[in-house]
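2 protein chains.
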Amino acid sequence: MHMTARSIVLSRGILMILASGFALCGARAHEASPSPSPTPIYFSPQTLAELKQLQQAALASDYAYRQVAHLSNNIGPRLSGSPQAQKAVEYVAAELTALGLDVRTEKIMVPRWVRGEETAALVEFPGQAANTTQKIILTALGGSIATPAEGMTANVVVARNFEELQSLGREKVAGNIVVFLHTFDKAMAVQGRGGDAYGEAVAYRSEAPSAAARLGAVAALIRSVGSAEFRLPHTGSTNYAEDAPKIPAGAVSSEDADLVASLVPQGVVRMKLVLTPQTLPEVESYNVVGDLKGSTNPEQIVIVSGHLDSWDLGTGAIDDAAGVAVSMQVGNLVKQLKLQPKRTIRVIAWMNEENGLRGGRTYAIDHAAELPNHVAAMETDGGAGHPLGINLRGKPELATVLKPVAKVLQEIGAGLLNKVDHAGADISPMEAAGVPTFSPFQDSRTYFHYHHTAADTLDKIVPRELAENAAINAVWAYALANMEQPLPR
Amino acid sequence: MHMTARSIVLSRGILMILASGFALCGARAHEASPSPSPTPIYFSPQTLAELKQLQQAALASDYAYRQVAHLSNNIGPRLSGSPQAQKAVEYVAAELTALGLDVRTEKIMVPRWVRGEETAALVEFPGQAANTTQKIILTALGGSIATPAEGMTANVVVARNFEELQSLGREKVAGNIVVFLHTFDKAMAVQGRGGDAYGEAVAYRSEAPSAAARLGAVAALIRSVGSAEFRLPHTGSTNYAEDAPKIPAGAVSSEDADLVASLVPQGVVRMKLVLTPQTLPEVESYNVVGDLKGSTNPEQIVIVSGHLDSWDLGTGAIDDAAGVAVSMQVGNLVKQLKLQPKRTIRVIAWMNEENGLRGGRTYAIDHAAELPNHVAAMETDGGAGHPLGINLRGKPELATVLKPVAKVLQEIGAGLLNKVDHAGADISPMEAAGVPTFSPFQDSRTYFHYHHTAADTLDKIVPRELAENAAINAVWAYALANMEQPLPR
Chain A
1 MHMTARSIVL SRGILMILAS GFALCGARAH EASPSPSPTP IYFSPQTLAE
51 LKQLQQAALA SDYAYRQVAH LSNNIGPRLS GSPQAQKAVE YVAAELTALG
101 LDVRTEKIMV PRWVRGEETA ALVEFPGQAA NTTQKIILTA LGGSIATPAE
151 GMTANVVVAR NFEELQSLGR EKVAGNIVVF LHTFDKAMAV QGRGGDAYGE
201 AVAYRSEAPS AAARLGAVAA LIRSVGSAEF RLPHTGSTNY AEDAPKIPAG
251 AVSSEDADLV ASLVPQGVVR MKLVLTPQTL PEVESYNVVG DLKGSTNPEQ
301 IVIVSGHLDS WDLGTGAIDD AAGVAVSMQV GNLVKQLKLQ PKRTIRVIAW
351 MNEENGLRGG RTYAIDHAAE LPNHVAAMET DGGAGHPLGI NLRGKPELAT
401 VLKPVAKVLQ EIGAGLLNKV DHAGADISPM EAAGVPTFSP FQDSRTYFHY
451 HHTAADTLDK IVPRELAENA AINAVWAYAL ANMEQPLPR
Chain B
1 MHMTARSIVL SRGILMILAS GFALCGARAH EASPSPSPTP IYFSPQTLAE
51 LKQLQQAALA SDYAYRQVAH LSNNIGPRLS GSPQAQKAVE YVAAELTALG
101 LDVRTEKIMV PRWVRGEETA ALVEFPGQAA NTTQKIILTA LGGSIATPAE
151 GMTANVVVAR NFEELQSLGR EKVAGNIVVF LHTFDKAMAV QGRGGDAYGE
201 AVAYRSEAPS AAARLGAVAA LIRSVGSAEF RLPHTGSTNY AEDAPKIPAG
251 AVSSEDADLV ASLVPQGVVR MKLVLTPQTL PEVESYNVVG DLKGSTNPEQ
301 IVIVSGHLDS WDLGTGAIDD AAGVAVSMQV GNLVKQLKLQ PKRTIRVIAW
351 MNEENGLRGG RTYAIDHAAE LPNHVAAMET DGGAGHPLGI NLRGKPELAT
401 VLKPVAKVLQ EIGAGLLNKV DHAGADISPM EAAGVPTFSP FQDSRTYFHY
451 HHTAADTLDK IVPRELAENA AINAVWAYAL ANMEQPLPR
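Going line by line, the protein sequences match chains A and B. If you read the first sequence in this note's numbering, its first letter stands for residue 1, the second for the next number, and so on. If you read the second sequence in this note's numbering, its first letter stands for residue 1, the second for the next number, and so on.
A portion of the hints provided could be inaccurate.
Here are some of the chain B residues that sit facing chain A, going by a computed Cβ distance under 8 Å [stated by the list, open to error]:
1) N74
2) G76
3) T119
4) G127
5) N131
6) D258
7) T276
8) Q278
9) A455
10) D459
11) P463
Here are the computed lysine-lysine pairs in the DSSO-like style, where the Cα-Cα straight-line distance is at most 27 Å [to be verified]:
12) A:K407 <-> A:K342
13) B:K135 <-> A:K272
14) A:K135 <-> B:K87
Have a look at the derived ranges for each label pair, beta carbon to beta carbon [stated by the list, open to error]:
15) A:P265 <-> B:R170: 53 to 61 Å
16) B:A241 <-> A:L337: 55 to 63 Å
17) B:T119 <-> A:V190: 44 to 52 Å
18) A:V462 <-> B:T119: 25 to 33 Å
19) A:V123 <-> B:E484: 39 to 47 Å
20) A:Q166 <-> B:Q278: 23 to 31 Å
21) A:V123 <-> B:A98: 27 to 35 Å
22) B:D62 <-> A:A154: 49 to 57 Å
23) B:E484 <-> A:R270: 52 to 60 Å
24) A:E484 <-> B:P126: 40 to 48 Å
25) B:P372 <-> A:Q266: 27 to 35 Å
Simulated from the structure, these hints should not be mistaken for lab results. No residue lacks a Cβ here, since even glycine has one placed at the ideal position from N, Cα and C.
Required output: the full structure, derived from the provided sequences and hints.
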């Protein structure tokens, strides 16, 4: 999951991708059985029976887990433009073809940013033993420019927030390295509002380097955007503003931010910083698109998706091999159960969600003429935690219409219908065309521990919970593809 | 905290430093007030009143926290023989002198092992994209020899335990890198038996390299001894056996051990390994010893202590700046409250607990003649978690004798008397002379998350809990120093 500066501007202070506790409906198994209703029938008894079959089959299958394992362990980190990203494109295309889907790869151009050396140390600080340093553990932010190859050494100033940076002014900032101390709100994350905490912190990841550069800073470091405290830096894209010089940008571990914060008030603190990433020319890459053709309305499309690219520090298991795997599983299960959706279910593995969103944007442009026929689009990009229900963006009446599907999923504790402002980064470019968008509403308490770090690895996936996410994807995708009439939009 | 191969042999399968659920006595506040008893009086009403004063003063003071902060943040990692270890000796000696203690530094010789480069990657594995590797995050074990500077590349074999290594035999092991998969038992740690889980896992850290070398392995890596899963390797000493070639030895993060374990059954896995630590000549270092002279029996001694050296990856806040700080606080509080212990309270900051135990061993030799006059020795070396009571090693009747002190500490939930086989590494050499030994019995649920890692940093200290540990140290040290008669031994 990524959040751009633009999406922050659009949604500052309101609900983010994962967020919102506003449950439109918590369907309960003990509710009365259907009675005559003025609303039209969307889901036939046969469809509802098939949804239950899909749900059971998803929970019994390890197909999705094996996909996450292959993408994470056998292929590894998949940053856009990397050999691993290309290998993943080929792997997923081959797997979907083997399942019997109509598969194509759709070309996009992606940025190619390559991490380099990244080390830092405090070389001068109060109380230090002669000829010693304090190591600073950090990582370059995606898109960062490099320091000189031999590094740079400068005094450190700290700012708790943008206001404090402004109050320091050019006099205290120019020529120095600024460390921003904004702290990811762990309590919010534990309470299911990790998206809000993320949004607040990402404002610094996106905008702090340019804010510091406008006052003459030579580099900007943020306290990592994340909830873990295991000396683990969290990467993610930064966004250089056009009106500011570009300066090297990194994220330090929470411990190292705290260390700097404790030493700076005691006296002079100097840091040596080496960050040597490179921005190479853009390269060709691909969204992988696999269709399960609809039997009666093949031109009408329901997308189920995740993104294939990942950050480069970990192996991208939760962000977002999991989303790709549960989407592939929809194709696998529908084929395995020999179900026949009326509309086309389109499985997409997006490319470049993390540092450009080129996959989602290019798709919305290339398929603009067909978007009125896109009945719905789903994306799973919040890890593989137990799903509580579904997030949805669309007309208020969706909640009533979709209740019967939620009721099926209530059997596995996934029956909430949760209205959100954005349901997924890659599918957000379709929102303007009025496509209703969906994503699993997941338990995200630990997501921001691992997100964008070296610890985003296979062991973070709980097989049963991944299968629950496969179930919610299969049930919703098939339900939306088999409705008696399209959703109101 | 460290555990040597020797201590494991002595205590395999029984209780380790932190361990034992065998509570001799859980003194309760509602017990009947003292009645005539056949046991002699050990603690006068005045002493008991002073213990309460000390307890309150410890909880109200931030002195110990400031010491941990200085040792961790201003001095930093303090591996034996390092400039930081020397700076820490000077700092603690100066601080104890400033408090008014009689201070001396007692010379010891310590090993000087210096970490070098440490990187590893899987360079061949099933499913890999061309020209890619999978990064392996690891750290050298203390005392490890180096690989060639340019590294070594070899096939990887895995062994779940020593028995599986033997069953592989020389044919499958020779020429390869062995990865041991023994998994630290997190459930044990959560249940307060972290010492047992640690002991089981440390057997691999100590003995696995030589076991692999006997079968011709070229390097040995263990799954990290610890409970955190944040791609964090845990260092600690290894012990080369005399009958085996020395081979490079490291610990990989739990994630990387899992990665290797998942790939090896699929086909050939080759690893490039670079570990370049150096073992330099031994250097002079010091235990810091500060006496609060006793008023009536100055020759009788009660030790309160922690160890000043730390591993080099983190800043050694929980292991063991905390132990040094709460020991220093005993000196501070007794002086501040103008109390006059009958016996001498000796504050010791030990050197070289982690990779040699030279401080504790040298003290026991140099002070052998005085050990009969060592009434008791305490060491805090299990972090700074809430103390539940006191661990003690000595005669069974200690439990009855010491009940009144436990009762004072029950007010802060620290009243358990917990019999153990060893109460602290540095004080264990005194056990042979019959010196009763003590340590705080601490909540260690998270201790093995951070222990011996880069994440052993100041933020892991909860100020209130550190103060509780200072209270238990001050109360016990003063109680033992002010008893009406010495403990039975």
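Okay, the hints, checked on the actual structure:
Satisfaction of the interface hint for N74 of chain B is found here, the shortest Cβ-Cβ separation to chain A being roughly 3 Å, below the 8 Å cut-off. Among the interface hints, the one on G76 of chain B holds; its C-beta lies about 5 Å from the nearest C-beta in chain A, closer than the 8 Å criterion. At about 12 Å, the closest approach between the beta carbon of T119 of chain B and any beta carbon in chain A exceeds 8 Å, and the interface hint on this residue is violated. A hinted interface residue such as G127 of chain B counts as satisfied when its beta carbon comes closer than 8 Å to some beta carbon of chain A; here the least separation is about 3 Å, so the hint holds.
About 6 Å separates the beta-carbon of N131 of chain B from the nearest beta-carbon of chain A, less than 8 Å, and the hint is met. For D258 of chain B, the suggested interface contact is upheld, since its CB lies about 5 Å from the closest CB of chain A, less than 8 Å. With 8 Å as the threshold, the beta carbon of T276 of chain B stays out of range of chain A, its nearest partner Cβ sitting at about 16 Å, so the hint is violated. Restraint check, Q278 of chain B versus chain A: the minimum CB separation of about 16 Å is more than 8 Å; hint violated.
Checking A455 of chain B against chain A by beta carbon gives a least distance of about 4 Å; that is within 8 Å, so the hint holds. With a cut of 8 Å, the hint placing D459 of chain B at the interface with chain A holds, because the nearest CB-to-CB distance is about 5 Å. The interface hint given for P463 of chain B is broken, as the beta carbon of that residue sits about 13 Å from the closest beta carbon of chain A, more than 8 Å. At roughly 21 Å between alpha-carbon atoms, K407 of chain A and K342 of chain A fall within 27 Å of each other, so this suggested pair holds.
With a C-alpha separation of about 25 Å, the suggested pairing of K135 of chain B with K272 of chain A holds against the 27 Å cut-off. For the given pair, K135 of chain A sits about 17 Å from K87 of chain B by alpha-carbon distance, which is consistent with the 27 Å threshold. Between P265 of chain A and R170 of chain B the beta carbons are some 60 Å apart, a value that agrees with the proposed interval 53 to 61 Å. Between A241 of chain B and L337 of chain A the beta carbons are some 59 Å apart, a value that agrees with the proposed interval 55 to 63 Å.
Between T119 of chain B and V190 of chain A the C-beta distance comes to about 35 Å, which lies outside the given range of 44 to 52 Å. Judged by the Cβ atoms, the range 25 to 33 Å given for V462 of chain A and T119 of chain B holds: they are separated by roughly 31 Å. In this structure the hint that V123 of chain A and E484 of chain B lie 39 to 47 Å apart at CB is violated, the actual value being about 56 Å. Between Q166 of chain A and Q278 of chain B the CB atoms are about 48 Å apart, so this pair departs from the stated range of 23 to 31 Å.
Between V123 of chain A and A98 of chain B the CB atoms are about 29 Å apart, so this pair conforms to the stated range of 27 to 35 Å. With their beta carbons about 32 Å apart, D62 of chain B and A154 of chain A fall outside the hinted range of 49 to 57 Å. Between E484 of chain B and R270 of chain A the beta carbons are some 57 Å apart, a value that agrees with the proposed interval 52 to 60 Å. Checked against the given bound of 40 to 48 Å, the beta carbons of E484 of chain A and P126 of chain B, roughly 47 Å apart, stay inside it.
In this structure the hint that P372 of chain B and Q266 of chain A lie 27 to 35 Å apart at CB is violated, the actual value being about 46 Å.
Figure legend: structure checked against the earlier numbered hints; hints not met, in rising order: 3, 7, 8, 11, 17, 19, 20, 22, 25.
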